[in-house]
Amino acid sequence: MTTTATAPRTSAGRRRPRHYHRVEISRRQRVILGTIGVFGVLLFWQLASSFGILNKTLGSSPLLMLQTAASLTESGVLGAAALSSGQLFATGFAIAAVLGVLIGIVLGWFSRTAALLDPWVSILYATPRIAFVPLIIVWAGVGIQAQIVMVVLNAVFPIIVNVAAGVHNTDRQFLRVARSFNAGTFAVLRTVALPGAVPFIITGIRQGIMMALVGTVVAEYFVGNTGIGGLIFTAGVTLDTATAFVGAAIFAIAALILSSALGAVESRVDGWRS
Amino acid sequence: MTDTTRITEATMPGSSTPEPLVTISGLSKSYPSPRGSAAGPVRVLEDIALDIAPGEFITVIGPSGCGKTTLLDCIAGLATYDSGSIRIAGAQVQGPGPDRAVVFQQASLFPWRTIERNVGYGAEMLGWDKSRIAERVRSAIDVVGLSGYEKHHPHQLSGGMQQRANLARALVMDAPVVLMDEPFGALDAMTKKTMQDELLSVSARIGSTVVFITHDIDEAVYLADRVVLLRPRPGRVDSIYDVPFARPRQRDVVDSAEFRALTSTLAHRLHEVGSSAES
Chain A
1 MTTTATAPRT SAGRRRPRHY HRVEISRRQR VILGTIGVFG VLLFWQLASS FGILNKTLGS
61 SPLLMLQTAA SLTESGVLGA AALSSGQLFA TGFAIAAVLG VLIGIVLGWF SRTAALLDPW
121 VSILYATPRI AFVPLIIVWA GVGIQAQIVM VVLNAVFPII VNVAAGVHNT DRQFLRVARS
181 FNAGTFAVLR TVALPGAVPF IITGIRQGIM MALVGTVVAE YFVGNTGIGG LIFTAGVTLD
241 TATAFVGAAI FAIAALILSS ALGAVESRVD GWRS
Chain B
1 MTDTTRITEA TMPGSSTPEP LVTISGLSKS YPSPRGSAAG PVRVLEDIAL DIAPGEFITV
61 IGPSGCGKTT LLDCIAGLAT YDSGSIRIAG AQVQGPGPDR AVVFQQASLF PWRTIERNVG
121 YGAEMLGWDK SRIAERVRSA IDVVGLSGYE KHHPHQLSGG MQQRANLARA LVMDAPVVLM
181 DEPFGALDAM TKKTMQDELL SVSARIGSTV VFITHDIDEA VYLADRVVLL RPRPGRVDSI
241 YDVPFARPRQ RDVVDSAEFR ALTSTLAHRL HEVGSSAES
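Quick note, the sequences are listed as chains A and B, same order. Counting from 1, one number per residue, gives the positions in the first sequence under the working numbering. Counting from 1, one number per residue, gives the positions in the second sequence under the working numbering.
Treat the hints as calculated values from the structure; they're not laboratory data. In this text, all values refer to a predicted model and were calculated from it rather than measured experimentally. Every residue gets a Cβ at the ideal spot worked out from N, C-alpha and C, and that includes glycine. Hints may contain errors.
What follows is a list of derived Cβ distance ranges for each label pair [what the hints assert, rightly or not]:
{"id": "1", "chain 1": "A", "residue 1": "W120", "chain 2": "B", "residue 2": "S147", "range": "45 to 55 Å"}
{"id": "2", "chain 1": "A", "residue 1": "D171", "chain 2": "B", "residue 2": "G207", "range": "29 to 39 Å"}
{"id": "3", "chain 1": "A", "residue 1": "T91", "chain 2": "B", "residue 2": "D129", "range": "51 to 61 Å"}
{"id": "4", "chain 1": "B", "residue 1": "S201", "chain 2": "A", "residue 2": "F110", "range": "40 to 50 Å"}
Input sequences plus hints: build the corresponding full structure.
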């Protein structure tokens, strides 16, 4: 990535203008191009499947997915699976959010506690959480508890790490102001450290949501084959690629919805930054 | 060492020398020596003594490194000191308290709070009930001329307006002592003059005792009943000047020969203590 400031010279010795930056496009253009991108790929996929370039059994097709989704919905399988996954995700994420924010505040605020526990947070955060699955099954069994533990374990670390960073980086001058106005430790946390850490908390929650989704899929693959994850897993084993694709698409849509919902929450609680 | 120049005796109508509200005596503070340096601890304040009468307006001036801000932090209870004492109405200062309010050099308003919730912060921390806070906030905002901006966030206000909010935040609690750390230092000349005049009228109205740090000699003289000049390394009281001009003070006092004489005396002395510390 080395760009020189001087534009290359043509044989005539004149400077030729060159774009060093990406061309700016309007939001509308971006939406249109994005839509074309998505539907272009789907169309290509459908055509490849229709003309027999792609094996229908292995590669499925968008139309086949729509048909499968319709029949799964009609039979009630999809609804029940989505409900089960939704409950697992919501429970696990809620526990992870509460734990993550509380632990994050403690680690961000109390330097000695942080120094004591930081290595463990790093070790656990760095270890692929899926490595703990057999242990969790040994300890928590093969029921919903084990599934929830897996979701929590996946989601909690990014929340801890981000909240701790946010609280730790509290503006020193704001701390002086709060102290001079007789704020006690708890009041300083509530009125200065937490509001100041909101962008970090939102980032942690955003990563936590995505990791909780991963945790949900992992839990459903390895424990009980319930929910949408179980549907995908079973479909894969039986070469039912259309159902597997439908399940994957549902997770993708869930992720997009959750992400934009969080964006809306963010602009509400953090509106002063705009 | 303390060379106290009293030009006139502070006179309070109807009373002889009143009981001081703030009593500072023998105040000393040093910071541990910098890591790896052979020198001993750095003395920042040495044997500071100062009595401040109720309702008095004191300005503190001195070259950089004279410990002005450290002195203010000690009075505010934001910094500890090694020896000596600071008493307010007879009570020893131990940390921040509701009897003192600080106006900071930077406006330091919480960006996530509206102006009215920033102004009410101190009262909120003291646990006042909501209606009392609302009433006091309204009057403080009115006093500093920010009415209509209650629901704005700090970033929507100019630097001068943010400083008004900073001032209002300190006024809300009716603290008997207001400590101000170069609050107008970052303002442009015009805004600064306006703020000085407003501060004079506000402080006259509420009768607070003010300790005001500045490095602007004209400002120090224009605002003060007494100007305290500190000398640096270590920070000590060099001299104290009584300011003889009547209150309410008119802006044109700055053009008087007396004002010029006093500011040039101060400028001269400031230069002396600054350069003697360099050698």
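45 to 55 Å as the expected CB spacing between S147 (chain B) and W120 (chain A), which holds or is violated: holds (54 Å)
Please test the hint of 40 to 50 Å on the beta carbon pair from S201 (chain B) and F110 (chain A). Taking Cβ atoms as reference, S201 (chain B) and F110 (chain A) lie about 46 Å apart, which means the hint holds.
Outcome for the supplied range 29 to 39 Å, where the beta carbon pair is D171 (chain A) and G207 (chain B): Holds - the Cβ-Cβ distance for D171 (chain A) and G207 (chain B), about 33 Å, lies within 29 to 39 Å.
Within 51 to 61 Å or not, the Cβ separation of T91 (chain A) and D129 (chain B)? violated (40 Å)
Comparing the model with each numbered hint stated earlier shows that hint 3 is the single one that does not hold.
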